[in-house]
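Chemist: So the chains spell out like this:
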Amino acid sequence: MDWLFAGLILIALFFLVVVFVPLIYFSIKYRKGSRADRSNPSAGSDLLETGWTAFPTLVGIGIFGWGAIIYFHQQNPPADAMQIQVVGKQWMWKFQHAEGAREINELHIPTGRPVVLTMTSQDVIHDVFVPAFRVKQDVLPGKYTTEWFCPTKPGIYPLFCAEYCGTLHARMGGRVVVMEPAEYERWLSSGPPRLSLAAAGERVYRELGCSGCHDQQGTVRAPPLTNLFGRTVALQSGEVVVANEQYLRDSILLPGTQIVAGYENLMPSFQGRISEEEIMEIIAYVKSLSERKSP
Amino acid sequence: MSKTESYLDESSLQSWLLTTDHKRIGLLYLFTILVFFFIAAVAALLMRLNLLSPHGWIVNADTYNKLFTLHGVLMVWFFLIPSIPAVLGNFVLPLMLGARDVAFPRLNLMSWYIFISGGLLALWALIHGGVDTGWTFYTPYSSTYSNTHVITMAMGVFIAGFSSIITGLNFIVTIHKLRAPGLTWTRLPLFVWSMYATSLILVLATPVLAITLGLISLERFWGVGVFDPRLGGDPVLFQHLFWFYSHPAVYIMILPGMGVISELIPCFSRKQIFGYKWVAASSLAIAILGFVVWGHHMFVASQSVYAGIVFSFLSFLVSVPSGIKVFNWTATLRKGSITFETPMLYALGFIGLFTVGGLTGLFLAALAADVHLTDTYFVIAHFHYIMVGGMVMGFMGGLHYWWPKISGRMYPEFAGKMAAIITYVGFNLAFFPQFILGFMGMPRRYHDYPPEFQWLNVLSTAGVSILGVGYLLPLLYFLWSTKWGERASANPWRATGLEWQAASPPPKHNFPVVPRVTKPPYTYQAEQDQFTPQSELAHV
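Residue numbers (our numbering), protein chains in the order written: chain A, 1 to 295; chain B, 1001 to 1540.
Where hints are given, some of them may not hold.
In silico DSS-like pairs for lysine-lysine, Cα to Cα no more than 30 Å straight-line [as the list claims (entries may be wrong)]:
{"id": "1", "chain 1": "B", "residue 1": "Lys-1417", "chain 2": "A", "residue 2": "Lys-29"}
{"id": "2", "chain 1": "B", "residue 1": "Lys-1519", "chain 2": "B", "residue 2": "Lys-1508"}
{"id": "3", "chain 1": "A", "residue 1": "Lys-32", "chain 2": "B", "residue 2": "Lys-1417"}
{"id": "4", "chain 1": "A", "residue 1": "Lys-32", "chain 2": "B", "residue 2": "Lys-1519"}
These aren't lab readings, by the way, just hints derived from the structure by calculation. All figures in this text were calculated on a predicted structure; none of them were measured in a lab.
Extracted from the complex, chain B is given alone in its bound form:
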């Protein structure tokens, strides 16, 4: 079966660089973001090693500042934001919809080239000395005082933003127009719902980032006074604009992960998802509410007391839909028939870590507590629990789950489980001590620190080294599996989605005939150990 025809058959360089196949573009993104992930991870490792000593013994303060800027910029814009949407979304979304490709395949390829151009600019800035503003580019430091390659880096992010916008647009149109017959909105897999919500944010928020970065460059280059008070500007205006994008962007970095988990939990517990409509609607609620909470980054930034109070209130509201998801995932497990393959381990890890991340978010939304905790390691720990504990766990879970579809091979299960457990242990050891550090008052972005903070920093660094092993292992066994892995059947997990109706790996155009959808998603029957696929397409 898998010998017939596969999207991987052609192997010339040209066939990859000029491809319009959504599956190949997904893989192009995968290779690219892994390179960025690796560079950013090395930066993180250097920082953690440096923090072993209170005096900063490996790099000097300038280099340290450049390292955390690099880590933030690359991880946020060149790894997390494209991670699930551009890799798994590109690969899986059209398959889930029963489509042959996304709505605009050429635009899809173009978005990758735009992304690469932005990434190369960012790397150019890195090689030529780096940038020391932090990923947040706060003014007037970034616009007037820093003498590093701010404009180049900002332009890199600016350009990469267009690839986000195009991908978002492509997904929205694809979901609206290319659903297979019978695939109504209430039959959409929850991953599609989360991609839809993510795409809305990508399209609506990213332009504001572009404008903001453009204004910084204007001020830096031509001295147009926007943010620097000496030129008549207002530095806090920058923070408003930046967080108007960057807070919704936080949801770009978690909604897709939630989407993956909503696929994994039903499949590995052989159970229909609990509260389908609530889970789907909560994705949209998060996307919408996410636009009106940006001021919670600025409780001590001199915004008015009343603005602070309103933003705090809205921030508590945005936590509710996330809670709904967690409760529904947990309830799904009830009366299931649960197995613990690697993707499920990542999914359960996601729920645990995301819950901790979400609950510590309440500390930061509570005004008086935020005053003490903001700009300390508490914040660092909080958002790493969401973005690494949540999004990266979701990405790894999804990558393992769809790996048979992507490569046509199974990954080694035992090694997979080991890696998932190592990741979980390493992550907690790396980031839990940072909550305590933050409460004790250690500010973020410190190259050196008072000695009383040392022991917790040592624990954290130890955790990061374990976490590193957890990430290296999958890299090795995924590569190994492409050659020696066991061949995968079309539906190794006995899952219901349309993507499992296509061959593994799928042929170039996914489906030999257009599938007709007759069932809602997640029709699993734990008691009878049966499942009903969404379409009755027979394999050809």
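Same shape as in the complex, but just chain A:
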């Protein structure tokens, strides 16, 4: 991104020179009363017009391609990235590590590993902006968005909320603490012992009674969850969807909207009975049901 920015500055300077030099030169040379040659003034030239239409267009397409390639890379996190769950609310950030550690307004991560944040908001739109990593992504209610980066240098980097979210928007920040991997491991194990995210999810899953239907020994028939994550699911409506985080989330909160083919619309909505963090825990649990089987 910084190379792109440098390239943009060079191109901007180039065009500034292209406009300013003749502007100033003509203003001086052809000021009233100067003895410049004013014969045969030109009222236009299609050649020039075509030139200064085509040239900036080509330059523009070049920068467009450059910016788009980096953006495409930025928007597709690598599959093996370390997972962090993020919930934003007026006016704080909550981070959950897969191992179970939880933090507020502060995120500890190791160097050398790509980190992907899966984010949602409990109320209005927020945005996780870490200027040092050149990343920014809106955090929306009712939807998961992701943002990833791969920190290389240990240090403390400020984190801002970049989408206006109300009174204390300017205070909704924090910091990202990047540590050497060994130090990070020490940090992870230093806190009070906690259930991993997936284990916490399993507990919620049992407490809310999901297991009564989704575990296969129950009397009510519900779609099995083992090996579900990441696979395609055929819906009653004829649609085929991928069982990703968003699908699982919607199925918990709005189960009636996506009925799996061959099943009845029996599941109650859990809207209002489950927090954003608990949904993320259940999703981690469902994910773990897929990971266990695959070698």
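Fit chain B to the given chain A structure using the hints.
Modeler: For chain B alone, coordinates are given in the frame of chain A:
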């Protein structure tokens, strides 16, 4: 000559409030938008003073949020959008066409009353506690969470929108039907072309804003779920609708300025405009392409990657016609005989600042760079270079240029030049540091900020105080000139347009006889120091 008859002769309050004269309506708009400009400028000054300290030492966070909302709403909808179209457009457009008035004079007066009603509602919301959503009204904050006067403010903007639509409609019909004999499309002054392009946007885009604001009110008031996900809505849908209007609206806020510059550059360089057809066509190209780039406001808002890529590509294309204009203005100067009166200083300032604004737009159109820069002060600096550096400079240039026609008096030239230079210096000092702030990562809409950003904020605030002087001076000397200014002749700039064939100030119906147009615009001959007006109408 000027003693004969003037549109300013009648002075009763009634003669102003019930007037259907396009010139008087233009002045009504001028007084109104100056009031809004003043309120919004005070809000900006308070914000800048507050940002002198990283801890926000003058106002609290809530008040700060209300100030930037107020500043944005008033500047965009109650100053910039009507500025050149409703003031200079109303005054000059019919004169340039050789017409007695716009096509629908009563509708024109009605548009002012609608505008005033919308403005009063907005002021009511301000006096009763303000609104804290930002001028963008992003949902679900605006529709569910904010407990300020969102509906009232939204209704104010909603109502003012109808005045935009009516003005746009009026101009389109006027340009089609009321051109003087001989004034063919390719003889139209470029200001008229830019007004035509602007009017198309006003008529086609504003209804979408009205619908969007209506939907917010529905959701807020009756809980109809459109944007709030808890009610089954989609908050990003709001952004699509809002920017579908507001991006074209950005061009409402720059095309008219470009139109003014296209008049000033030929006149003060005594030179035919370079590439007339290209400049005219680029206005239309901007108006059309402007409708398909709205998604570039949403590269980090969770729209799909592919949508982002398409919108980025189109955004690069929309920069091309603006570039064409800048190159043609520069080329016009060649072999001219250039003088540097106040309007020309503003015109040259416009080219410089608009070029910086346009080039920094490329940074924001480039996807990966936008991810870092969007929602920071870089964006603030970018659009102020376009809207203040561009549109307001164009407005000031046009106001000085046509002031002799409007008031019948000359403004004091020396004071004018001083004000133009002070404005230019103050503006750059105020907004250039914000590009650096944005790159360093300072987010916009922050009441307080980390101390490393302070020195640039102090520079910016210093610039704003200088800029303030640059705006106050013209207010004073324009008022002074109405009484003591030197009397203006009909054509003090020796310009070619039809408006300069009418007396200064013009009589109520502009022209004693219908002018016949025999020449293209901008027939200036620098070498012989001559010019040929567009019509051969003799003064009566």
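Chemist: Hint by hint, say whether it matches the structure.
Modeler: We went through each hint and held it up to the structure:
no.	hint	result
1	B:Lys-1417 / A:Lys-29	holds, 21 Å
2	B:Lys-1519 / B:Lys-1508	holds, 25 Å
3	A:Lys-32 / B:Lys-1417	holds, 17 Å
4	A:Lys-32 / B:Lys-1519	holds, 25 Å
Violation of the numbered hints given earlier is absent; every hint is satisfied by the structure.
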